[in-house]
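Trainee: These are the residues of each chain, in order.
Number of protein chains: 2
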Amino acid sequence: MLGIEEIGFYIPTKKISNYRRKEQFGIDDHFIEEKIGVKQIAVKDSDEETSDLCLKAFDELCAKQAVDRREIEALVVVTQNPDQNIPHVSAMVHGALDLPAQCACFDISLGCSGFVYALSIFQAFMAANGMKKGLLFTADPYSKVVDPNDKNTSLLFGDAAAVTLISDNPRLVSGKFTFGTLGSEHKKLICNDGVLFMNGRAVFNFAAKTVPADIRLMAGKNDIDLGDIDRFLFHQGSKIIVETIADRLDIPRAKAPYLTYDYGNTISSTIPILLADELKGEAKTLAICGFGVGLSWASGLLKRL
Amino acid sequence: MLGIEEIGFYIPTKKISNYRRKEQFGIDDHFIEEKIGVKQIAVKDSDEETSDLCLKAFDELCAKQAVDRREIEALVVVTQNPDQNIPHVSAMVHGALDLPAQCACFDISLGCSGFVYALSIFQAFMAANGMKKGLLFTADPYSKVVDPNDKNTSLLFGDAAAVTLISDNPRLVSGKFTFGTLGSEHKKLICNDGVLFMNGRAVFNFAAKTVPADIRLMAGKNDIDLGDIDRFLFHQGSKIIVETIADRLDIPRAKAPYLTYDYGNTISSTIPILLADELKGEAKTLAICGFGVGLSWASGLLKRL
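Going down the list, the protein sequences come from chains A and B. So the number in our numbering is just where the residue sits in the first sequence, counting from 1, plus 4. So the number in our numbering is just where the residue sits in the second sequence, counting from 1, plus 4.
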């Protein structure tokens with residue numbers, strides 16, 4: 005059975021402090037620490053590309069666990085900020101890592117729901133094709149599209165990448181997933197002429213309404229009570245949205261960690277970065293849920309073997 | 005069992021004749037008719053977007069077969085020329101078609117190998133999640149990135165879109181697939197600053213060498229002799245590459261049709277456009293192979309039920 009064996013990630017060391025932008029944006033410590041929950045955002049170097057972030061995440065994976073590149077049969081990159089649109093980033097990473105010619109490579113274009121979607125897509129693809137070892141990258145550097153003077157976006161989003169080793173020697177395996185889309189609302193979070201626009205209030209309301217219902221639906225499909233789930237790893241959209249979802253599900257906030265104070269909302273990488281720590285932990289059953297651009301969402305259940 | 009039930013497609017009526025560009029590019033009728041095999045290219049209107057092409061392909065699908073939108077559980081768009089990078093095109097199409105909120109939507113970024121890859125990815129995803137009806141769009145309008153003065157690209161690529169209805173009531177079902185990537189060669193076909201560059205000779209040599217070997221590998225995985233395959237639907241890269249691959253496989257050229265004289269190489273839509281006709285035909289066993297951007301390739305076998 006395929007599942008998650010190990011996770012590596014990369015968060016750029018370069019940071020921009022939100023405390024130093026209080027005057028510019030008319031915000032206070034409470035807004036920084038309790039509302040958005042982002043004290044500083046991680047920012048890649050200007051000459052660092054999306055594929056470079058992937059390679060650094062892969063280095064971190066290899067520092068944790070030996071990976072024989074000759075065994076990699078599939079590679080996916082989840083991004084909406086590729087190096088360029090042609091070719092896909094996965095081909096560039098394939099070339100840089102000198103992977104086998106028989107390795108299947110493709111990119112998935114999704115935003116904050118991307119990791120959960122891709123976990124289902126990639127595992128299903130690998131299983132259907134008899135593959136035993138694959139790399140699932142998430143790398144969506146929003147510094148490429150954020151206007152530094154836009155209060156709605158520039159305080160929130162950080163750059164990062166993660167790589168999840170999917171193999172037939174897993175530590176976490178997935179149960180049933182749920183998915184959804186509100187395409188009619190896609191203009192609430194969109195790039196116009198290469199610059200990100202977000203209607204923060206609309207996206208918050210969407211997530212606060214949709215995610216709790218989807219988590220309940222997913223739990224039902226997996227025949228598990230919410231009380232029997234040890235950990236809820238929600239996309240780290242902001243501190244307030246994570247807390248709101250936990251409260252509406254009537255679960256203890258301690259079970260739904262918010263931990264991204266020091267690097268920001270890293271889009272599809274927020275959940276694998278949290279999961280990397282959970283791999284070392286004790287939680288037996290973990291719910292995951294991503295939500296955002298599309299508008300789109302996906303939920304799933306992971307169980308420790 | 006999931007498979008292909010029906011296919012719709014859209015080719016813009018606006019065309020640019022290559023005969024009228026003979027002097028500009030120093031080419032003759034033999035080059036047009038026998039080498040590239042493109043007499044004219046199809047070009048979308050400048051205000052027509054990638055999602056619009058998808059919607060027109062969907063209209064054509066519905067003219068062939070009733071589709072109950074409430075039953076659509078998944079939607080994928082294969083493109084490297086989206087309306088914009090955020091959000092994914094599939095969310096926009098989802099909104100325009102007013103599909104159910106529980107419908108899973110994502111884009112796959114792949115070029116000319118995209119349909120074959122996506123057929124495997126999407127069917128596997130649907131099967132793993134118990135879905136019975138989904139829409140697989142291909143829409144990659146290269147007019148967005150082609151320099152009209154570049155002889156290597158502007159005579160060759162045409163705009164189009166196709167939509168393949170995947171369902172549990174299929175007419176064609178797939179066997180085993182093969183995949184591959186030569187990421188180290190990705191610069192042979194790349195967008196730099198939004199303009200397409202192609203090393204035509206290198207891409208030709210790659211396809212002429214890689215595709216025949218991959219078709220043999222795929223046939224072996226499916227336990228079938230090449231002589232028992234009724235039809236070979238190769239990506240319509242150019243007339244000369246399709247004929248070269250057929251000759252190297254020692255199969256009759258009539259079994260490997262080249263049919264895109266009047267609209268050009270439409271990237272990931274070439275194979276579904278050919279398949280739309282084959283659905284009405286008699287061929288029992290069809291090989292499909294896409295190859296191009298990445299560099300990337302994929303092959304598969306389809307059997308008529």
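The reader is advised that the hints may include incorrect statements.
You can't tell identical chains apart in this list, so a pair holds if it fits in one copy or across any two.
Unchecked claim - Straight-line C-alpha distance at most 20 Å; calculated DMTMM-like pairs for lysine to aspartate or glutamate:
| hint | residue 1 | residue 2 |
| --- | --- | --- |
| 1 | 148 | 197 |
| 2 | 26 | 49 |
| 3 | 191 | 172 |
| 4 | 19 | 37 |
| 5 | 284 | 32 |
| 6 | 19 | 52 |
| 7 | 288 | 9 |
| 8 | 191 | 51 |
| 9 | 180 | 254 |
In short, the hints are calculated from the structure, not lab data.
Trainee: Hint by hint, say whether it matches the structure.
Mentor: These are the hints, each one checked on the structure:
In this assembly of identical chains, residue 148 and residue 197 lie within 20 Å of each other by CA distance both inside one copy and across copies; the values are 12 Å within and 14 Å between. When the C-alpha separation of residue 26 and residue 49 is checked against a cutoff of 20 Å, the pair qualifies neither within a copy, at 23 Å, nor between copies, at 47 Å. In this homomeric assembly, residue 191 and residue 172 never come within 20 Å of each other (Cα to Cα): the closest approach is 40 Å inside a single copy and 33 Å across copies. Proximity of residue 19 and residue 37 under a CA criterion of 20 Å is satisfied intra-copy only: 16 Å inside one chain copy versus 58 Å between copies.
When the C-alpha separation of residue 284 and residue 32 is checked against a cutoff of 20 Å, the pair qualifies neither within a copy, at 36 Å, nor between copies, at 67 Å. In this homomeric assembly, residue 19 and residue 52 come within 20 Å of each other (Cα to Cα) only inside a single copy, at 14 Å, whereas the closest approach across copies is 41 Å. In this assembly of identical chains, the alpha carbons of residue 288 and residue 9 lie at most 20 Å apart only when taken from the same copy (15 Å versus 42 Å across copies). In this homomeric assembly, residue 191 and residue 51 come within 20 Å of each other (Cα to Cα) only across copies, at 18 Å, whereas the closest approach inside a single copy is 30 Å.
Taking CA atoms no more than 20 Å apart as the test, residue 180 paired with residue 254 passes in neither setting, with 22 Å inside one copy and 46 Å between copies.
Taken one by one, the earlier hints fail for this structure at numbers 2, 3, 5, 9, listed in ascending order.
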